[in-house]
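Engineer: Given next are the chains, with one letter for each unit.
There are 2 protein chains.
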Amino acid sequence: MALKNKKQDNFSEWYTELVGETGAFLADTRYGIQGAIVETPWAIQIIRAFEQMLEKEVEADGHKPMLFPSIVPEKYIEKEKEHIKGFAPELFWVTKGGKKELKEKFFLRPTGESQIYPMYSIWVRSHNDLPLKQYQSRTTVFRFEPTTRPFLRGREFNFFEAHDVFKSEKEIMKQVKKDMKYTKNVVYKKLGLPFIFVKRPQWDKFAGAVNTYGAETLIPDGRVNTIASTHNLGQNFSKAFNIKFTDENEKEQFAWQTCYGPGIVRIMAGLISIHGDDSGLVLPFEVAPVQIVIIPIQKTEKKCEQLEKKLKALGYRVKYDNSKNTPGWKFNEWEMKGVPIRIEIGPKEIKKNKLVLVRRDTKKKETISEKVLEKKIKSNANALLKNIRRKAEKSLKAAIKTAKTLKDVKKILENKGIARANWCSMDKKGEKCADKLQTITSGGKVRGTLFDKKEKAKSKCVVCGKKANHVVYIAKSY
Amino acid sequence: MALKNKKQDNFSEWYTELVGETGAFLADTRYGIQGAIVETPWAIQIIRAFEQMLEKEVEADGHKPMLFPSIVPEKYIEKEKEHIKGFAPELFWVTKGGKKELKEKFFLRPTGESQIYPMYSIWVRSHNDLPLKQYQSRTTVFRFEPTTRPFLRGREFNFFEAHDVFKSEKEIMKQVKKDMKYTKNVVYKKLGLPFIFVKRPQWDKFAGAVNTYGAETLIPDGRVNTIASTHNLGQNFSKAFNIKFTDENEKEQFAWQTCYGPGIVRIMAGLISIHGDDSGLVLPFEVAPVQIVIIPIQKTEKKCEQLEKKLKALGYRVKYDNSKNTPGWKFNEWEMKGVPIRIEIGPKEIKKNKLVLVRRDTKKKETISEKVLEKKIKSNANALLKNIRRKAEKSLKAAIKTAKTLKDVKKILENKGIARANWCSMDKKGEKCADKLQTITSGGKVRGTLFDKKEKAKSKCVVCGKKANHVVYIAKSY
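Chains as they are written, first to last, in my numbering: chain A, 1 to 478; chain B, 1 to 478.
Please note: incorrect hints may appear among the correct ones.
Put simply, identical chains are the same to the list, so a pair is met inside one copy or across any two.
Unchecked claim - Straight-line Cα separation of at most 35 Å, DSBU-like style, residue types lysine-lysine; simulated pairs:
| # | residue 1 | residue 2 |
| --- | --- | --- |
| 1 | Lys-133 | Lys-181 |
| 2 | Lys-378 | Lys-312 |
| 3 | Lys-428 | Lys-177 |
| 4 | Lys-239 | Lys-386 |
| 5 | Lys-103 | Lys-81 |
| 6 | Lys-364 | Lys-64 |
| 7 | Lys-467 | Lys-99 |
| 8 | Lys-319 | Lys-386 |
| 9 | Lys-96 | Lys-436 |
| 10 | Lys-79 | Lys-432 |
| 11 | Lys-100 | Lys-364 |
| 12 | Lys-133 | Lys-64 |
| 13 | Lys-376 | Lys-56 |
| 14 | Lys-404 | Lys-177 |
| 15 | Lys-299 | Lys-133 |
| 16 | Lys-302 | Lys-453 |
| 17 | Lys-244 | Lys-99 |
| 18 | Lys-100 | Lys-428 |
| 19 | Lys-4 | Lys-167 |
| 20 | Lys-244 | Lys-324 |
| 21 | Lys-324 | Lys-133 |
| 22 | Lys-81 | Lys-99 |
| 23 | Lys-170 | Lys-324 |
| 24 | Lys-190 | Lys-310 |
| 25 | Lys-302 | Lys-64 |
| 26 | Lys-56 | Lys-375 |
| 27 | Lys-376 | Lys-348 |
| 28 | Lys-251 | Lys-4 |
For the record, the hints were derived by calculation from the structure and aren't laboratory data.
For reference, chain A alone in the conformation it holds in the complex (with noise of 0.2 Å):
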């Protein structure tokens, strides 16, 4: 069990491969519609476990859960025809039940807000009803995309969407703020993504939106894959859906809207391509679906059983591997598994009562008493989360290079990484410089500008070569 291809030199075989079957089997793609994807118990125990890191960071901040459907029907797309221009080429359509034709015929969801806002507009009434804040999870969505990819673009995916409404525009960019907390809280602490936080151009905003806001990993494969964005709505939506309360005068507004979503899916394939190697998944400790393995060198059966039970009993998800296989054979299979420690007993280590402790990231081995074993279980937990941090952290800012003129930013981005450049505008004007900035470089897109930093633009747009007013991040992405 092990990997033919490797990371570096050819990241999407290697990619394919540690997510298919002889790899660490997180996902089946024979199922026989293109972007649908079964996903493994492997799969769906790390995925649940950070969904519901989200579901708690969202909940401890007010929101509570709801369930719509799945289907929409199609007189709910006539309200709001900017947004559903952006989706309409996506949209997958029901139009028969049984053998009969439906007399209105339905879509799949490929986004929640045309088929919460119309709810919503009952729901809200009053000021007292705001902040509404609500989310659903663990849900679905749909969209016919022509390529797809395994975690990264599906035709049906697992969904994630917060949906608040506030009485006031100055709540709408405290939200913003509060969702990219979310995301840092899960990401990048406990997961140890790193990403950029960033303000998309006009031209590049969710359909609809006055603003969207996108946080932005690294795949190495120089390609950008955002794992949460933000859409600030202004009052755009609860005009288009009369989404009106009274206010403490006792006269109607428009209500100001926020809608977040964590991507799930996106989430999953940052922890694969971002921390895996060439052995294999490479899990932080607290969403692995087994966080130990022990593994007995010849006969230590009854010791291995009795410190599975212990550990058990702490609370750990702990694997005793009992099965036929070799002990080389073991050790290989849980490393491409992700499992981030490793115990291995053998009759010498029973003889002077202690055990070897491996760790998943650096695989260096250590031996131990079991006296000390739940300190070092902990302290290697925490030990394995800040090395792939601070990894992942470093290559994303290696990849961050500045650009002076377009032929770097080419070069950048042939490089696999992401271009720091001066921009003349990120209004509509600016879209005809985005334009040509993707051609040149054969699908470089602005990213945006950082939400978190202001950063002064100094000389001139790389594209236009007028005025800069903006600096800006451009890569390829998914």
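For this one, chain A is given, so just place chain B on it according to the hints.
Structural biologist: Chain B alone, transformed into the frame defined by chain A:
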């Protein structure tokens, strides 16, 4: 805030009102597709609580989670014709993507077999892969139902399904018993909903199965509500979908299968309708989104805040209702929502260092000292569950009446009961009698024979008058 309809007088209106916005607001039926409801935070929190209990049950018994898409390729249904014939009139078809007709159309799953088993036929190879026990939860299925009712019958509804593959026939019935136990542990023990567990007649089994077993609760309008079912699939599906394994002697064999589905929304309907009363929902402590509500009588805010903090720290889901409504209004609201325990604090109580505790089911008031509060919460939570379970059990028992003639059956069903009667045959031979029964009783159906208790028939079939070989339970159903 009070219900206009009484449960006893007009169950149907009472149910609709309790589920809706002027009741406990569990579902919004104003969404634009018939039978596709929006589940509110209150409903979702209750449902999640017992879903997690069921997940725990099946996982403790070795099931692993998986996740399949909601969409199924047309080609998958050609494999098991008998099965799909049963579902064909209910299938929703996706025929368009964007503006284009899809080359290969697909349908929305009405249940998981036809999508899961093609993958099982890839995954199962050797006897070492068996038993394969996997499940998916918090997913949805879709059925083009003519009539719909929130949580009882929908066009899209919450789903939970476990699919098990075994290497021998003898494991089948062991699993059926285990499935019954999962249901009992959660639905009966924790939610207080009693049921009878029956083996269905051959003419009413799951399409394609060898046998079907169902857990039936009784809705107070006299119709039974199946809250879980298990199907013994024998080798029918493994032969249709080619699920084979090589046994210990290197011989190829078709596998043996079961599938189990606790009806998530049906359980919710049971909770609402069986425990609910004229003041609203009555929730078992363990699944209540708010377990304890604290209501101040006059100016006792400080004390209430202290108590809320204390109880939260102890791990309870507690809410201090500091809204501007009157105490009476608050009492009604939280009774409607089914909150198990209410604490009232007035100046009189503060003076005496006492609290008033009110239990939702009995509405009995008890003045207690704060010292014994935690003990009292626990004992009241237990007593509430025991009481509502006992009451439900009593109702179910009282509703089951022995019928000697078809006239008896008719009368029992008219009085909202379940008839226990002698019956000729559970094979296809008995179907004619079943058809006649259904016509004469306007919808009465043979639900089956008891699974966990062998009952001996003594006399003649209530319909045809031929020798009775079985004792069956007859009821109208949802």
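Engineer: Next step is simple, just say for each hint if it's right about the structure.
Structural biologist: Hint by hint, here is what the structure shows:
1. Within a single copy, Lys-133 and Lys-181 get their C-alpha atoms as close as 16 Å, which meets the 35 Å cut-off; across copies the closest is 38 Å, which misses it.
2. When the C-alpha separation of Lys-378 and Lys-312 is checked against a cutoff of 35 Å, the pair qualifies both within a copy, at 15 Å, and between copies, at 28 Å.
3. Proximity of Lys-428 and Lys-177 under a CA criterion of 35 Å is satisfied intra-copy only: 25 Å inside one chain copy versus 65 Å between copies.
4. When the C-alpha separation of Lys-239 and Lys-386 is checked against a cutoff of 35 Å, the pair qualifies neither within a copy, at 46 Å, nor between copies, at 51 Å.
5. In this assembly of identical chains, the alpha carbons of Lys-103 and Lys-81 lie at most 35 Å apart whether taken from the same copy (22 Å) or from different copies (28 Å).
6. With identical chains, the CA atoms of Lys-364 and Lys-64 are at most 35 Å apart between copies only, with a shortest distance of 31 Å across copies and 44 Å within one.
7. Taking identical chains as interchangeable, the C-alpha atoms of Lys-467 and Lys-99 are never at most 35 Å apart, the minima being 62 Å within one chain and 43 Å between chains.
8. Taking the shortest alpha-carbon separations for Lys-319 and Lys-386, only the intra-copy value of 24 Å comes in at or below 35 Å, while the best inter-copy value is 38 Å.
9. Taking identical chains as interchangeable, the C-alpha atoms of Lys-96 and Lys-436 lie at most 35 Å apart only when they sit on different chains, with a minimum of 34 Å there against 44 Å within one chain.
10. In the homo-oligomer, the alpha carbons of Lys-79 and Lys-432 lie at most 35 Å apart inside one protomer (30 Å), although the nearest pairing across protomers, at 53 Å, exceeds that limit.
11. Proximity of Lys-100 to Lys-364 under the C-alpha cut-off of 35 Å is found in neither arrangement, the shortest distances being 64 Å within a copy and 55 Å between copies.
12. Both within a single protomer and between protomers do Lys-133 and Lys-64 lie at most 35 Å apart by alpha-carbon distance, with minima of 6 Å and 33 Å respectively.
13. Taking CA atoms no more than 35 Å apart as the test, Lys-376 paired with Lys-56 passes in both settings, with 28 Å inside one copy and 29 Å between copies.
14. With identical chains, the CA atoms of Lys-404 and Lys-177 are at most 35 Å apart within one copy only, with a shortest distance of 31 Å there and 71 Å across copies.
15. Taking identical chains as interchangeable, the C-alpha atoms of Lys-299 and Lys-133 lie at most 35 Å apart only when they sit on different chains, with a minimum of 30 Å there against 57 Å within one chain.
16. Proximity of Lys-302 and Lys-453 under a CA criterion of 35 Å is satisfied in neither setting, with 57 Å inside one chain copy and 42 Å between copies.
17. Taking the shortest Cα distances, Lys-244 and Lys-99 sit within 35 Å of each other only across copies (34 Å), while inside one copy they are farther apart (41 Å).
18. For the homomeric pair Lys-100 and Lys-428, the shortest alpha-carbon distance between copies (31 Å) is at most 35 Å, but the shortest distance inside one copy (46 Å) is not.
19. For the identical chains of this complex, Lys-4 and Lys-167 are inter-copy neighbours only, at 33 Å across copies versus 56 Å inside a copy, given an alpha-carbon limit of 35 Å.
20. Proximity of Lys-244 and Lys-324 under a CA criterion of 35 Å is satisfied inter-copy only: 23 Å between copies versus 66 Å inside one chain copy.
21. For a Cα distance limit of 35 Å, the shortest separation of Lys-324 from Lys-133 across copies, 21 Å, qualifies, whereas the shortest one inside one copy, 52 Å, does not.
22. Taking identical chains as interchangeable, the C-alpha atoms of Lys-81 and Lys-99 lie at most 35 Å apart whether they share a chain (31 Å) or sit on different chains (16 Å).
23. In the homo-oligomer, the alpha carbons of Lys-170 and Lys-324 lie at most 35 Å apart only across protomers (26 Å), although the nearest pairing inside one protomer, at 63 Å, exceeds that limit.
24. For the identical chains of this complex, Lys-190 and Lys-310 are neighbours both inside a copy (26 Å) and across copies (29 Å), given an alpha-carbon limit of 35 Å.
25. Taking CA atoms no more than 35 Å apart as the test, Lys-302 paired with Lys-64 passes between copies only; the shortest distance there is 26 Å, against 48 Å inside one copy.
26. With identical chains, the CA atoms of Lys-56 and Lys-375 are at most 35 Å apart both within one copy (27 Å) and between copies (29 Å).
27. With identical chains, the CA atoms of Lys-376 and Lys-348 are at most 35 Å apart within one copy only, with a shortest distance of 20 Å there and 55 Å across copies.
28. Taking the closest pair of Cα atoms, Lys-251 and Lys-4 come within 35 Å of each other only across two copies (32 Å); inside a single copy the shortest separation is 67 Å, beyond that limit.
Of the numbered hints listed earlier, those contradicted by the structure are 4, 7, 11 and 16.
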